[in-house]
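> Throw the hints in and build the complete structure from the sequences for me.
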Amino acid sequence: GDSVTQMEGPVTLSEEAFLTINCTYTATGYPSLFWYVQYPGEGLQLLLKATKADDKGSNKGFEATYRKETTSFHLEKGSVQVSDSAVYFCALSDFGTSYGKLTFGQGTILTVHP
Amino acid sequence: DTAVSQTPKYLVTQMGNDKSIKCEQNLGHDTMYWYKQDSKKFLKIMFSYNNKELIINETVPNRFSPKSPDKAHLNLHINSLELGDSAVYFCASSLQGGQGVEKLFFGSGTQLSVL
Chain W
-8 GDSVTQMEGP
2 VTLSEEAFLT
12 INCTYTATGY
22 PSLFWYVQYP
32 GEGLQLLLKA
42 TKADDKGSNK
52 GFEATYRKET
62 TSFHLEKGSV
72 QVSDSAVYFC
82 ALSDFGTSYG
92 KLTFGQGTIL
102 TVHP
Chain S
361 DTAVSQTPKY
371 LVTQMGNDKS
381 IKCEQNLGHD
391 TMYWYKQDSK
401 KFLKIMFSYN
411 NKELIINETV
421 PNRFSPKSPD
431 KAHLNLHINS
441 LELGDSAVYF
451 CASSLQGGQG
461 VEKLFFGSGT
471 QLSVL
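These protein sequence lines map, in sequence, to chains W and S.
Here the working numbering is used: the first residue of the first sequence is -8, the next is one more, and so on.
Here the working numbering is used: the first residue of the second sequence is 361, the next is one more, and so on.
Watch out, some of these pointers could steer you wrong.
[As the list claims (entries may be wrong)] Derived lysine-lysine pairs resembling DSBU-like cross-links, with alpha carbons at most 30 Å apart:
id	chain 1	residue 1	chain 2	residue 2
1	S	382	S	401
2	S	382	W	43
3	S	404	W	51
4	S	463	W	47
5	W	92	W	47
6	S	369	S	431
Hints listed in this document are in silico derivations from the structure and should not be mistaken for laboratory results.
Since we're looking at a predicted model, the values are computed, not measured.
Encoded structure:
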């Protein structure tokens, strides 16, 4: 079945540091890939997405590129802020095999210190 | 206006009790979901409804029974609560369901604690 694996957390960075959160996936069809973010005490919200190979999703300084050859969708940001502290989830939706179902990775907790 | 609202935000109860969590969305979406998030932040889908019809039921004990009176509401009723049911339950909705999920809108969660 479909699965998503994220790098182990938690991740702790200083403000303005470079961020990478690794994400790899397994899917039988042609998935769309997503990054969701969960701020403390809130529900998840979509951060960015990519629907086909080589697409780059970007939002709020974050970006991720859909790499079919390595089955990866790593999240990056050049300079993190304290306000980026949250839990980040990589997810996929496989049009061919799942009906309206997002499969999530285990989440990576990010803490950014001033 | 809150797009996806769920109540209550916190629910503390004893083992063996029956409880319900309500969810409403005002986005006009046809598909709604329940997800469970455990203490390690792992998220897993429980149910999905499309236009009041059950589409996904992911090996959830039958003590959990979703009810969708209309496409704007999806409630979750839990019978005979167990300690292992303690988690945060998220309701979500999306415009697209059958052809894959484009964007999920989540409620702010219900923290269920079973004592």
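> Could you grab the alpha-carbon distance between residue 404 of chain S and residue 51 of chain W and see if it respects the 30 Å cut-off?
Given pair residue 404 of chain S, residue 51 of chain W holds - Cα atoms ~27 Å apart, limit 30 Å.
> For a C-alpha distance cap of 30 Å, please report whether residue 382 of chain S and residue 43 of chain W respect it.
36 Å, violated
> Is residue 369 of chain S within 30 Å of residue 431 of chain S, Cα to Cα?
22 Å, holds
> Given the hinted pair residue 92 of chain W and residue 47 of chain W, is their alpha-carbon gap at most 30 Å?
At roughly 22 Å apart (the allowed maximum being 30 Å), residue 47 of chain W and residue 92 of chain W satisfy the hint.
> Given the hint that residue 463 of chain S pairs with residue 47 of chain W, test it: the Cα-Cα distance must not exceed 30 Å.
Distance ~17 Å between residue 463 of chain S and residue 47 of chain W Cα, so the pair holds.
> Do the alpha carbons of residue 382 of chain S and residue 401 of chain S lie within 30 Å of each other, as the hint requires?
At roughly 22 Å apart (the allowed maximum being 30 Å), residue 401 of chain S and residue 382 of chain S satisfy the hint.
In summary, the structure is inconsistent with hint 2 from the numbered list given earlier, while agreeing with all the others.
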